[in-house]
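Student: One letter stands for each residue in the lines below.
There are 2 protein chains.
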Amino acid sequence: MSLEEALQELRDYCRGMPPVAAMQVDVDGYSDGTLQLSAPLSANVNDKGTAFGGSLTSLMTVAGWGLVTLNLRLAGLKADVFVADSQVRYLAPLYADLVAGAAFAEGQSWDTFLDTLRQRGRARIQVDARVQLPEGGLATTLSGRYVALLKQ
Amino acid sequence: MSLEEALQELRDYCRGMPPVAAMQVDVDGYSDGTLQLSAPLSANVNDKGTAFGGSLTSLMTVAGWGLVTLNLRLAGLKADVFVADSQVRYLAPLYADLVAGAAFAEGQSWDTFLDTLRQRGRARIQVDARVQLPEGGLATTLSGRYVALLKQ
Chain A
252 MSLEEALQEL
262 RDYCRGMPPV
272 AAMQVDVDGY
282 SDGTLQLSAP
292 LSANVNDKGT
302 AFGGSLTSLM
312 TVAGWGLVTL
322 NLRLAGLKAD
332 VFVADSQVRY
342 LAPLYADLVA
352 GAAFAEGQSW
362 DTFLDTLRQR
372 GRARIQVDAR
382 VQLPEGGLAT
392 TLSGRYVALL
402 KQ
Chain B
252 MSLEEALQEL
262 RDYCRGMPPV
272 AAMQVDVDGY
282 SDGTLQLSAP
292 LSANVNDKGT
302 AFGGSLTSLM
312 TVAGWGLVTL
322 NLRLAGLKAD
332 VFVADSQVRY
342 LAPLYADLVA
352 GAAFAEGQSW
362 DTFLDTLRQR
372 GRARIQVDAR
382 VQLPEGGLAT
392 TLSGRYVALL
402 KQ
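The listed protein sequences derive, respectively, from chains A and B. Counting from 1, position 106 in the first sequence corresponds to residue 357 in my numbering; the numbering is continuous, with no gaps. Counting from 1, position 72 in the second sequence corresponds to residue 323 in my numbering; the numbering is continuous, with no gaps.
Note that these hints are calculated values from the structure, not bench results. Glycine included, each C-beta is placed from N, C-alpha and C at the ideal position. Each hint should be verified, as a subset may be incorrect.
[To be verified] Simulated restraints, written as ranges between beta carbons of each label pair:
| no. | chain 1 | residue 1 | chain 2 | residue 2 | range |
| --- | --- | --- | --- | --- | --- |
| 1 | A | Asp-331 | B | Ser-293 | 50 to 56 Å |
| 2 | A | Lys-299 | B | Gly-327 | 16 to 22 Å |
| 3 | A | Asp-336 | B | Ser-293 | 23 to 29 Å |
| 4 | A | Glu-386 | B | Ala-335 | 32 to 38 Å |
| 5 | A | Glu-260 | B | Pro-291 | 50 to 56 Å |
| 6 | B | Gln-338 | A | Leu-389 | 56 to 62 Å |
| 7 | A | Gly-358 | B | Gly-327 | 48 to 54 Å |
| 8 | B | Gly-327 | A | Arg-375 | 43 to 49 Å |
| 9 | B | Gly-280 | A | Gln-359 | 41 to 47 Å |
| 10 | B | Gly-387 | A | Glu-260 | 14 to 20 Å |
| 11 | A | Leu-389 | B | Gly-280 | 32 to 38 Å |
| 12 | B | Ala-272 | A | Glu-386 | 27 to 33 Å |
| 13 | A | Leu-254 | B | Ala-326 | 51 to 57 Å |
All chains should be modelled from the sequences, with the hints used to inform the complete structure.
Tutor: Have a look at this one:
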């Protein structure tokens with residue numbers, strides 16, 4: 252599967268999930284190991300006129316999920332991917348559209364993850380996601396553990 | 252302000268926030284120190300037919316935010332409430348409507364929180380939220396720190 256096909260598959264997934272569709276999530280692209288997703292502030296605004304914490308976390312969670320799913324598809328594997336746990340920090344209010352980037356955490360080996368998944372049918376990997384402020388600095392960060400279960 | 256008025260204010264807030272309105276969040280009630288919120292599975296379903304992780308986290312985050320906001324209103328105070336950080340665990344898939352309960356974490360003192368807020372204009376408190384499985388056991392848990400800033 253090509254990168255473009257895998258990205259399109261992610262877009263279809265996002266449109267097919269009602270809560271993600273309601274957030275108007277877009278899959279921007281994948282480069283330098285980072286999957287970027289975005290969503291307009293207007294659909295994700297809270298009572299204070301800033302990005303809603305739940306939307307920020309959802310976008311980062313989906314970005315991490317998409318990162319693992321995309322790389323599995325590029326490796327020719329089909330698996331169900333679940334988020335197992337996450338730690339989120341809300342660092343500064345965001346008054347702009349939400350743009351989240353997700354990458355594998357430092358020290359994580361994609362090859363080991365793939366080997367484990369092929370051998371045991373189940374593997375886990377750590378992902379770091381973040382939403383940056385347009386003026387520089389971070390709005391939110393997420394550190395999440397994702398589990399993949401190989402489909403037979 | 253009466254409890255019923257404070258609950259109605261929360262409902263109005265939830266309806267006024269587009270991402271929360273899209274999740275179709277309802278404020279069920281407040282009893283025994285627990286604020287209960289719910290949302291239908293249909294508006295919060297993922298690609299696997301279970302509750303979307305982002306929606307579960309959003310619902311728990313809003314429940315915690317609502318718990319602090321509600322108690323501040325009952326105490327006659329107006330403050331902006333923010334989530335500062337959270338740890339979420341996804342323990343089991345949920346194939347039913349989402350029902351979240353939030354309560355102050357063990358060892359947290361509401362009186363100390365109020366005193367600090369009145370004296371310094373800013374205070375923080377730890378909240379535990381959870382979504383239970385209809386058959387018993389837990390779907391997800393959240394431990395979150397919330398910050399209140401007194402409005403002048």
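Student: Each of the hints needs a verdict: does it hold here or not?
Tutor: We went through each hint and held it up to the structure:
Distance hint check: the CB atoms of A:Asp-331 and B:Ser-293 are about 21 Å apart, inconsistent with the given range 50 to 56 Å. A hinted range of 16 to 22 Å holds for the C-beta pair A:Lys-299 and B:Gly-327, which are about 21 Å apart. Between A:Asp-336 and B:Ser-293 the CB atoms are about 26 Å apart, so this pair conforms to the stated range of 23 to 29 Å. For the hinted restraint 32 to 38 Å between A:Glu-386 and B:Ala-335, the CB-CB distance of approximately 21 Å leaves it violated.
A beta carbon spacing of about 27 Å between A:Glu-260 and B:Pro-291 contradicts the range 50 to 56 Å that was offered as a hint. Checking the proposed 56 to 62 Å range against B:Gln-338 and A:Leu-389 shows it is violated: the Cβ atoms sit about 18 Å from each other. Taking 48 to 54 Å as the suggested C-beta distance range, the pair A:Gly-358 and B:Gly-327 conforms, at roughly 50 Å. A beta carbon spacing of about 48 Å between B:Gly-327 and A:Arg-375 agrees with the range 43 to 49 Å that was offered as a hint.
Between B:Gly-280 and A:Gln-359 the C-beta distance comes to about 43 Å, which sits within the given range of 41 to 47 Å. One distance hint, 14 to 20 Å for the beta-carbon pair B:Gly-387 and A:Glu-260, is violated here, with the actual separation near 36 Å. The hinted range of 32 to 38 Å is satisfied by A:Leu-389 and B:Gly-280, whose Cβ atoms lie roughly 37 Å apart. For the pair B:Ala-272 and A:Glu-386, the supplied restraint of 27 to 33 Å holds, since their beta-carbon distance comes to about 29 Å.
For the pair A:Leu-254 and B:Ala-326, the beta carbons lie near 54 Å from each other, so the given range of 51 to 57 Å is met.
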